[in-house]
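For the sequence shown, counting from 1, position 1 maps to 1 in UniProt numbering; every step adds exactly one.
Misleading hints may appear alongside valid ones.
Claimed, not checked - 25 angstroms max Cα-Cα, derived DSS-like pairs, lysine-lysine:
#, residue 1, residue 2
1, Lys190, Lys218
2, Lys46, Lys92
3, Lys223, Lys252
4, Lys142, Lys27
5, Lys218, Lys256
6, Lys256, Lys233
7, Lys83, Lys223
8, Lys223, Lys238
9, Lys208, Lys238
10, Lys212, Lys252
11, Lys190, Lys83
12, Lys252, Lys233
13, Lys212, Lys83
14, Lys233, Lys211
15, Lys102, Lys158
Claimed, not checked - Taking CB as the label site, the calculated pair distances span:
#, residue 1, residue 2, range
16, Asp75, Gln163, 39 to 45 angstroms
17, Thr107, Gly230, 45 to 51 angstroms
18, Phe241, Lys29, 26 to 32 angstroms
19, Asn253, Lys102, 29 to 35 angstroms
20, Asn266, Leu213, 41 to 47 angstroms
21, Asp75, Glu52, 21 to 27 angstroms
22, Ser162, Ser205, 27 to 33 angstroms
23, Asp96, Asn279, 44 to 50 angstroms
24, Phe241, Thr278, 39 to 45 angstroms
Hints in this document: simulated from the structure, not taken from any laboratory.
Even for Gly, the Cβ is constructed at its ideal location relative to N, Cα and C.
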Amino acid sequence: MSLKMDLIRIGEINYTNIWPILYHFPKEKFENQIQFVSEVPTKLNKSLSEGELDMAPISSFAYAESYRNYVLFPDLSVSSFGKVNSILLFHKEPLDQIANGKIALPTTSATSVNLLKIMIHKFYSGAPDYFYSTPHLDEMMKEADAALLIGDDAIRAKWANSQFQVTDLGELWTNLTGSWMTFAVWAVRKETVQHNPNMVHRIYSLLKQSKKLGLNDKTEMIKEAQARIGGSKSFWEKYFFELSHDFGQLQKNGLKLYYQYAREMNLIPEQVPIQMWTNQELSKL
């Protein structure tokens, strides 16, 4: 494991939704002290849980599965109050009509998959037939009544879509509960904090600095998003504006509600404490 080495391995979600935190991170300051690994959320979840990474933005659901091994960085997340614009359910009929149908789920997601299950069960009294599929909308919808996509896959699919209804899961959650939804949290393995406290503190400080720069000036970030993904300047301005990367009390309260519902449905086995990293100390909500 990396705690036996000087190298700190950091996960990076390979979607644009994490850019406001990482886009301005000064990797060059660390020379050979850190290594970034870019992957989809489910792969980052697995790598962090197995100790192949030291810290990473992971699915909020994955934190619940392995919380005993992690602490969370304050003020860093991928959250929304209302539209998230990249967690989208495409469906052939209104939600109440597909709530007992067939729903295709992406292999790339953990939080959003379970968020959908919670809302379909709790608010639509549904028990659909879920199945996993590679995240390609046309293929998914050949045998499904609805399909969930996340990240840049969802953005591209919405641009190309002309036949399916689209529901934003962030917006639906807020409309149904009045709460924030936190899709990803920034987790650090506890042994990494114990063995490399100064490096963890340094990385956190620079992540906060990078986030501040990313939120204050999105010009270059938007240009790169257009070059990589497509879309208009106005789309990306709205996208990054409506996303939140904070993790304060409002976001924690929304996440606790999500965990409560997940526990009620036996999606997780027990109540989940939100354990925060605070300058080399642990705190628990």
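Results for each hint:
1. With a C-alpha separation of about 33 angstroms, the suggested pairing of Lys190 with Lys218 is violated against the 25 angstroms cut-off.
2. Simply put, Lys46 and Lys92 have alpha-carbon atoms about 33 angstroms apart, too far for the 25 angstroms limit, and the pair is violated.
3. A C-alpha spacing of about 32 angstroms is found between Lys223 and Lys252, which places the hinted pair above 25 angstroms, so the restraint is violated.
4. As the CA atoms of Lys142 and Lys27 are separated by approximately 43 angstroms, the hinted pair breaks the 25 angstroms bound.
5. For a cut-off of 25 angstroms, the pair hint linking Lys218 to Lys256 is broken: about 31 angstroms separates their Cα positions.
6. The suggested pairing of Lys256 with Lys233 is violated, with an alpha-carbon distance near 35 angstroms, which exceeds 25 angstroms.
7. Simply put, Lys83 and Lys223 have alpha-carbon atoms about 22 angstroms apart, close enough for the 25 angstroms limit, and the pair holds.
8. Simply put, Lys223 and Lys238 have alpha-carbon atoms about 14 angstroms apart, close enough for the 25 angstroms limit, and the pair holds.
9. A hinted pair counts as satisfied when its Cα atoms are at most 25 angstroms apart, and Lys208 with Lys238 qualifies at roughly 22 angstroms.
10. With a CA separation close to 20 angstroms, the supplied pair Lys212 and Lys252 stays within the 25 angstroms bound.
11. At most 25 angstroms may separate the alpha-carbon atoms for a hinted pair to count; Lys190 and Lys83 exceed this at roughly 33 angstroms.
12. Our distance criterion of 25 angstroms between C-alpha atoms is broken by Lys252 and Lys233, whose separation comes to about 31 angstroms.
13. At roughly 22 angstroms between alpha-carbon atoms, Lys212 and Lys83 fall within 25 angstroms of each other, so this suggested pair holds.
14. The suggested pairing of Lys233 with Lys211 holds, with an alpha-carbon distance near 20 angstroms, which does not exceed 25 angstroms.
15. Only pairs whose Cα atoms come within 25 angstroms are accepted, and Lys102 paired with Lys158 is accepted, the gap being roughly 20 angstroms.
16. The beta-carbon spacing between Asp75 and Gln163, approximately 41 angstroms, falls within the hinted interval of 39 to 45 angstroms.
17. The given range of 45 to 51 angstroms is broken by Thr107 and Gly230, whose C-beta atoms sit roughly 23 angstroms from each other.
18. A hinted range of 26 to 32 angstroms holds for the C-beta pair Phe241 and Lys29, which are about 29 angstroms apart.
19. Hint check: Asn253 to Lys102, Cβ distance near 34 angstroms, so the stated range 29 to 35 angstroms holds.
20. Evaluation of the 41 to 47 angstroms hint for Asn266 and Leu213 yields a pass: the beta carbon distance comes to about 42 angstroms.
21. Distance hint check for Asp75 and Glu52: the Cβ-Cβ separation is about 26 angstroms, which falls inside the suggested range of 21 to 27 angstroms.
22. Between Ser162 and Ser205, the C-beta spacing of about 46 angstroms breaks the proposed range 27 to 33 angstroms.
23. Separated by about 48 angstroms at the C-beta atoms, Asp96 and Asn279 satisfy the suggested range of 44 to 50 angstroms.
24. Separated by about 29 angstroms at the C-beta atoms, Phe241 and Thr278 break the suggested range of 39 to 45 angstroms.
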